[in-house]
Amino acid sequence: MPYPEELKQLIKVVESTRSERVERKKKNEEVPFMSLEERHDILKYHPDFIEEGRRELQVGPSKGYRIAHEMANVLEAKSRVDPAKIDLSKIDYETDVLVIGGGGAGTAAALLAQENGAKVIIATKLRHGDANTMMAEGGIQAATKGHKDSPYFHYLDVMGGGHFKNTPELVETLVNNAPDVIKWLEGLGCNFSKFPDGTLKTIHGGGTSRKRMHFAADITGAEMMRTVRDEARNRSNDISVIEFSPAVELILNEHGQCAGAVLYNLETEEYLVIKAKAVVMATGGCGRLHVQGFMTTNHYGATADGIVMGYRAGVKICFLHTVQYHPTGIVFPEQAEGILITEKFRGSGANLVNIEGQQFVNEREPRDVEASSIIRECVERGKGIPTPTGKRGIWLDSPMIDMLVGPGTVQREFPGKYILYKRFGIDIAKEPMLIYPTLHYQNGGLEFTSDGATALPGLFLGGEVGGGTHGENRLMGNSLLDIMVYGRIAGKSAAEYVKAKAQDGKLSLEHVVKYNKEIDDAGVSDGRIAPMLLPDYTTPEIKKKQLTAHYEGTIR
Amino acid sequence: MSSTEVAVKTEIKARLIPVYIMGKKYEVPETLTIMKAIEYAGYKYIRGCGCRGGVCGACSTVYRKPGDYKIHVGLACQTVVEPDMYLTQIPFYPALRGTYDFTELTGKPEEIFEIYPELFRCVACNACTKVCPMDVQVMDYIAALKQGDIQKAAELSFDCIQCGLCASRCMGELPQYHIAQLARRISGAYLTPRAEHLKTMVANIETGRFNEGLDKLKAMDENTLKKTYQEREMEPATAGEDWAPKDNQYL
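One line per chain: the protein sequences are A and B, in this order.
For the record, in the first sequence the residue sitting at position 124 is 124 according to my numbering, with numbers rising by one throughout.
For the record, in the second sequence the residue sitting at position 76 is 76 according to my numbering, with numbers rising by one throughout.
Everything labelled a hint here was simulated from the structure, so no lab data went into it.
Careful: at least some of the hints might be erroneous.
Partial list, derived from the structure: chain B residues whose beta carbon lies under 10 Å from chain A [to be verified]:
{"#": "1", "residue": "47"}
{"#": "2", "residue": "52"}
{"#": "3", "residue": "134"}
{"#": "4", "residue": "184"}
{"#": "5", "residue": "199"}
{"#": "6", "residue": "211"}
{"#": "7", "residue": "226"}
{"#": "8", "residue": "233"}
{"#": "9", "residue": "238"}
The beta-carbon is built from N, C-alpha and C at its ideal position, and this holds for glycine as well.
Let the sequences and hints guide you as you build the complete structure.
Have a look at this one:
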């Protein structure tokens, strides 16, 4: 719906300061970047620092680690299905490499595993490509312009964004492989935005020292995803895809190697056994757990399943004490709530502006700093803009972009968002957007090494499910990079492992039995089961009347 | 105000309006999207719901309105309900996809004609364009392809989310969105110049040019690393393509 009269009045305040702000922008007069001390101070407004929001884990390999309740709830939960009921002697599918998850990381892993001689099955919860990859808009970082940039500076930026806590080897591999990933995608026919001579267009993102954000208009992730998915479909002799069949447990064998998974067919409600010589975990993130009640940008299936499965099988977790809130999610209109507004708007010159029409932060701070500043502006300073549903937000002044770059830029460079808002009767080339931080990314995840391996032999991983690459806070454009770099590495490593190290042996779910017992002994499950698979948005009124419905967790 | 004030589930006070989900009447709040309205009515999604952000193509929906002969379309996650909508989602529609070895293609239109000969079954009825929830000019890109203009087809189809509604309405039974995908890939890989600076950088990394600098950074204690970080030279926001840093030691 269009802005109501009250908001239209407030927009006039934004308009009254706009031309002056555009002039400042033209002269490069920016709000100064914060020092590390100032960053540290403002982070107390970040949801990660709300101590009552988390608790110590009582079970598993990272027992004692304090993480958000919502994440602890899925880790301190029993298996969906009693392992004793699964007949492991009846194999439904068999393959060399099983990839769990059909997003960018999983698909890249499948392609590389196939190129290295493996037969691959991708098992995915929804459709192939239903993933956060598809939704990533802004871009992919890579130091591709040697006259001004190199992996050295990319490395520095990644570390600074992650509060210098990142695992150095993971960062090194990330930045060193970045240009090759862009080249690989270019060769597959991915349409990055370019100048006529083929030079890639690049812009800044929050926390970058050089303009190294490559993009494909404002649907970078979708363009990457549909390209790699199309290529996987060309290789259907070697790569098969099982949709609507999320994995719910890993299967080990008598040698202690990861040797497959139990799948759950969401439509027929069957549990199926898939035997594999190696497994790549690529299940992505956790936005649909709605940590601390936040709205999320994440797709419908982002429920941390891979973390749950890996953790039960003995893989430690790291950096899960931090969760990334994207600074700019839609807070009005309500029906678009939580949807991400790419950082590229800020990179292209749009200011963040409070109710008085004033800037209060540099628009290119790292995400946690930017989000904290917005929360402080609304919560402590009371300078947020009230929405008709009683929330608060901050203006993202998109019309500045047309004034800075030229008329028509917003519509041309941000076609996705332009159309979305147009449907609500809002022209973002003329009116600003109302935004608030939204749950976006799981900074941490399962521990792994730069060859994509985990502590469990035969289990590899790529993408958001892994932790360490981004430390305590990921920079924009490093997630699309992460999924491609580590997806490819995990796929290759898995295929090599299949040839060199995988042993055949009796299949087992003993680790699940043990984990269930540990939960019982600690008395913490409270009847919960995991993985969650899908969030539950059924209203309480409906549930009260579903007198004979049976819910297994969130699924009926 | 706590951060949880911006929470997921807000109390719904809006007026209730009737909508017909696959012909069956439900009263839903008028502010909801079709997707949230279907959930409000008591459905639990397995199919027909993906990114919930308007880019994945899982939730394409067709609907009619009273007294209006037209078929309307929208993404369930992006379209607000209207009174007396008769709606259904079409979460899947079969479409034949050609298989090709991408590395063997060269960018000639004939290659597309060979993989998708049905391209020429198009009767230019424009039903595809009318049904596209992304306002893609589907018929126009098919027309461009018939004339051999792959790049134009790639540009015109760029916003395609591959929901398949075009294929569902096509008189000529074309799989438009698969054809467009091939056109875009060919355009990206074979008809657009490759980035020279990219090749150079990849080659430089392979020769180990940056290893020394990276080793230095990896070995730094946190304080030195912080200092190096804070002192790094920033490319100005308004700098042009040819901007170069003063310090080129690690380039």
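Restraint satisfaction for residue 199 of chain B [CB to CB of chain A, less than 10 Å]: This interface hint holds because 7 Å falls under the 10 Å limit.
Supplied contact hint for residue 226 of chain B, tested at 10 Å Cβ to chain A: holds (6 Å)
Residue 134 of chain B as an interface hint toward chain A, with CB separation required under 10 Å: holds (7 Å)
Evaluation of the interface hint that places residue 52 of chain B against chain A, nearest CB under 10 Å: holds (6 Å)
Restraint outcome when residue 233 of chain B is required to lie within 10 Å of chain A by C-beta distance: holds (7 Å)
Interface hint outcome for residue 47 of chain B [beta carbon to chain A under 10 Å]: holds (7 Å)
Status of the hint placing residue 238 of chain B at chain A (closest C-beta pair under 10 Å): holds (6 Å)
Hinted contact residue 184 of chain B with chain A - closest CB pair below 10 Å: Residue 184 of chain B check passes; min Cβ-Cβ to chain A is 6 Å, inside 10 Å.
Status of the residue 211 of chain B interface restraint (C-beta, 10 Å, chain A): holds (9 Å)
Comparing the model with each earlier hint shows no violations; every hint is respected.
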